[in-house]
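Participant: Heads up: the protein sequence lines correspond to chains C and G, in order. Residue 219 in our numbering sits at position 219 of the first sequence; the count goes up by one each step and never skips. Throughout, our numbering is defined as the position within the second sequence, counted from one, plus 272.
Please note that the accuracy of each hint is not assured.
Claimed, not checked - Simulated restraints on C-beta separations:
1) C:R207 <-> G:V472: 42 to 48 Å
2) C:A251 <-> G:A467: 42 to 48 Å
3) G:I320 <-> C:G134: 47 to 53 Å
4) G:R338 <-> C:N240: 15 to 21 Å
5) C:G134 <-> G:F404: 45 to 51 Å
6) G:F484 <-> C:K165: 53 to 59 Å
7) C:S135 <-> G:V472: 44 to 50 Å
8) C:G134 <-> G:F356: 17 to 23 Å
9) G:I313 <-> C:S135: 40 to 46 Å
10) C:E234 <-> G:D279: 22 to 28 Å
11) G:Q355 <-> C:D61: 30 to 36 Å
Stated by the list, open to error - Taking beta-carbon pairs under 7 Å as the criterion, some of the chain G residues facing chain C (in silico):
12) Q355
13) F356
14) A396
15) I439
16) S441
17) K450
18) F457
19) P459
Read the hints as simulated data drawn from the structure, not as lab findings. All residues carry an ideal CB built from backbone N, CA and C; glycine is no exception.
What follows is the residue order along each chain.
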Amino acid sequence: MKKWLTAMLMITVLLIAGCSNDGGTISTENSTLQNVAKNKKLVIGMSPGYFPFDMKDPNGDFVGYDVDTANAIGEWLGVPVEYKQFTFDGLIPALQTGEIDMILAGMTIRGDRALAVSFSNPYYQTGQGIMVPGSNNTTKSWEELDVKGNKIAVGIGTTGALLAKDIFKNAEVMDFEEFPSAATAMVQGQADAVLYDEPAIAVWKLRNGDQVRPIEGLISSENLGIAVKKNDIETILWLNSFLANYIDSPAELASRTKWFETGDWLNEVVDE
Amino acid sequence: MGGYSYDWSVITNNKEVFIDGAIKTLEISALALLLAIPIGIIFGLGRISSNRIFNSISSIYVEVMRGVPLLVLLFWIFFVLGQFVRLGPYWSAVVGLAVFSGAFIAEIVRAGIQAVPKGQMEAARSSGMSHFTAMRYIVLPQALRRVLPPLASQFIILIKDSSLVSIISVIDLTMNAKNLVATSFRPLEVWTFVAVIYFVMTFSLSLIIRYFEKRMLSREN
Numbered sequence: 001m002k003k004w005l006t007a008m009l010m011i012t013v014l015l016i017a018g019c020s021n022d023g024g025t026i027s028t029e030n031s032t033l034q035n036v037a038k039n040k041k042l043v044i045g046m047s048p049g050y051f052p053f054d055m056k057d058p059n060g061d062f063v064g065y066d067v068d069t070a071n072a073i074g075e076w077l078g079v080p081v082e083y084k085q086f087t088f089d090g091l092i093p094a095l096q097t098g099e100i101d102m103i104l105a106g107m108t109i110r111g112d113r114a115l116a117v118s119f120s121n122p123y124y125q126t127g128q129g130i131m132v133p134g135s136n137n138t139t140k141s142w143e144e145l146d147v148k149g150n151k152i153a154v155g156i157g158t159t160g161a162l163l164a165k166d167i168f169k170n171a172e173v174m175d176f177e178e179f180p181s182a183a184t185a186m187v188q189g190q191a192d193a194v195l196y197d198e199p200a201i202a203v204w205k206l207r208n209g210d211q212v213r214p215i216e217g218l219i220s221s222e223n224l225g226i227a228v229k230k231n232d233i234e235t236i237l238w239l240n241s242f243l244a245n246y247i248d249s250p251a252e253l254a255s256r257t258k259w260f261e262t263g264d265w266l267n268e269v270v271d272e
Numbered sequence: 273m274g275g276y277s278y279d280w281s282v283i284t285n286n287k288e289v290f291i292d293g294a295i296k297t298l299e300i301s302a303l304a305l306l307l308a309i310p311i312g313i314i315f316g317l318g319r320i321s322s323n324r325i326f327n328s329i330s331s332i333y334v335e336v337m338r339g340v341p342l343l344v345l346l347f348w349i350f351f352v353l354g355q356f357v358r359l360g361p362y363w364s365a366v367v368g369l370a371v372f373s374g375a376f377i378a379e380i381v382r383a384g385i386q387a388v389p390k391g392q393m394e395a396a397r398s399s400g401m402s403h404f405t406a407m408r409y410i411v412l413p414q415a416l417r418r419v420l421p422p423l424a425s426q427f428i429i430l431i432k433d434s435s436l437v438s439i440i441s442v443i444d445l446t447m448n449a450k451n452l453v454a455t456s457f458r459p460l461e462v463w464t465f466v467a468v469i470y471f472v473m474t475f476s477l478s479l480i481i482r483y484f485e486k487r488m489l490s491r492e493n
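Here chain C stands alone, though its shape is the one from the complex (with noise of 0.2 Å):
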């Protein structure tokens, strides 16, 4: 019996010392690509809400730029894709903890980022706009809406989020859960301006018209990629490989011009 216990405590011992260690290896446990063949599924995580790339259809199902990469990224694997939802805030510790395979959720690579998860190349370029009230029709610049009293409303946890607090001195930042919320609260006047995304502003111009005005111009460049566990090689060179095929490709081809280059889509998404 003393022995069993002696031997259970060894165990234990070494498992915490095992976990709690991880920090700059390479990951010697079982890779997202083999746990995908296990699993005979591919879980997504997603934070719907970010126009063009993550959003709902009347159904329920997602739908955008974003969903159909996934779905090709499953049917390259042949396995079947489930989408699991976050706010976005809540989409890294979703895949530290093991709750997803992959983040594709328009998610910018960044440093600070990368030292929690791993990044493959990217897959999109875009950067920061600023939207402003369409009854606002002098504000040229972001440096203009930087007074003290001046709201700007953001996403909370999104790059948009950081580079605000970092550009604006006197102007405070607010922080909405997500993008129709901070975009709700500036259109009703308690925000001066927005702070996002250029291709989601882009859409809220195409869905609200007047009453926003996008102000002309990139605030930042910023390439977007998926995100899996930390240090997990093998999935990485493997997404590496398959971007390198599909962008470009026809299927990919069909799925930007859709969703960047016309407003046909609107109606049939609903707001996340």
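Dock chain G against chain C, hints included.
Facilitator: Coordinates of chain G only, in the frame set by chain C:
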């Protein structure tokens, strides 16, 4: 076990984030509580009032507030009511929490008064007291002792509920934690510590109320 490795330095390196957040949370909760108590007493009395209009207004208020989730109420006050009455995030949060808790306090007040035997009021009235004097000196003191335990629970719920105000961009403990998670990617450490802070706040409140309860009992004996 998973692949997550803990690193608690995120807590020690960001002490002020937690302290500032906790102070804001206490501030908002305390303000909401100060508003909620009179609201609760007024509508609690309304629920047992013989004035039909006062009574139905109180009933509608209590039922609506009990039937709407706080998250939705906060959103509604900030975005929908905000189109007409511009409270801003901070006061939207305080008012939202106050009117929400007020309804539950009203029910506690009503139950407390109704639990005092009818004979108490009748005896007081027949010894010459007015309805108001009897309520003030005979019924309410007895009711107060009965409502203290459920009231304490309600105050604790109020502090915990205040964690929802971050959805309307109020910077409280939860919002600071969300932002810290977004920049540090240490969710398990941050949320564990946040849970500890909320527990310390609510448990201290529990102890304070228990002290008052004891004092009140010993004064009566």
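Participant: For each hint, tell me whether it holds in the structure or not.
Facilitator: Tested hints:
1. C:R207 <-> G:V472: 42 to 48 Å: Holds, since R207 of chain C and V472 of chain G (Cβ atoms, about 46 Å apart) stay within the stated range.
2. C:A251 <-> G:A467: 42 to 48 Å: Cβ of A251 of chain C to Cβ of A467 of chain G: about 46 Å, so the range 42 to 48 Å holds.
3. G:I320 <-> C:G134: 47 to 53 Å: Once the Cβ atoms are compared, 52 Å apart, the range 47 to 53 Å for G134 of chain C and I320 of chain G holds.
4. G:R338 <-> C:N240: 15 to 21 Å: 54 Å, violated
5. C:G134 <-> G:F404: 45 to 51 Å: Given a distance of about 57 Å, which is not inside 45 to 51 Å, the answer is violated.
6. G:F484 <-> C:K165: 53 to 59 Å: 43 Å, violated
7. C:S135 <-> G:V472: 44 to 50 Å: Given range 44 to 50 Å: holds, Cβ gap about 47 Å.
8. C:G134 <-> G:F356: 17 to 23 Å: 21 Å, holds
9. G:I313 <-> C:S135: 40 to 46 Å: This hint holds: roughly 44 Å between Cβ atoms.
10. C:E234 <-> G:D279: 22 to 28 Å: 25 Å, holds
11. G:Q355 <-> C:D61: 30 to 36 Å: Since Q355 of chain G and D61 of chain C have Cβ atoms about 32 Å apart, the given range 30 to 36 Å holds.
12. Q355: 6 Å, holds
13. F356: 10 Å, violated
14. A396: Because about 52 Å separates A396 of chain G from the closest Cβ in chain C, which is outside the 7 Å limit, the hint is violated.
15. I439: 5 Å, holds
16. S441: It holds, given that the least Cβ distance between S441 of chain G and chain C is near 4 Å, below 7 Å.
17. K450: This hint holds: K450 of chain G lies near chain C, its Cβ roughly 6 Å from the closest one there, short of 7 Å.
18. F457: Interface hint status for F457 of chain G: holds (3 Å vs cutoff 7 Å).
19. P459: 4 Å, holds
The structure does not agree with the numbered hints 4, 5, 6, 13 and 14 stated previously, though it agrees with the rest.
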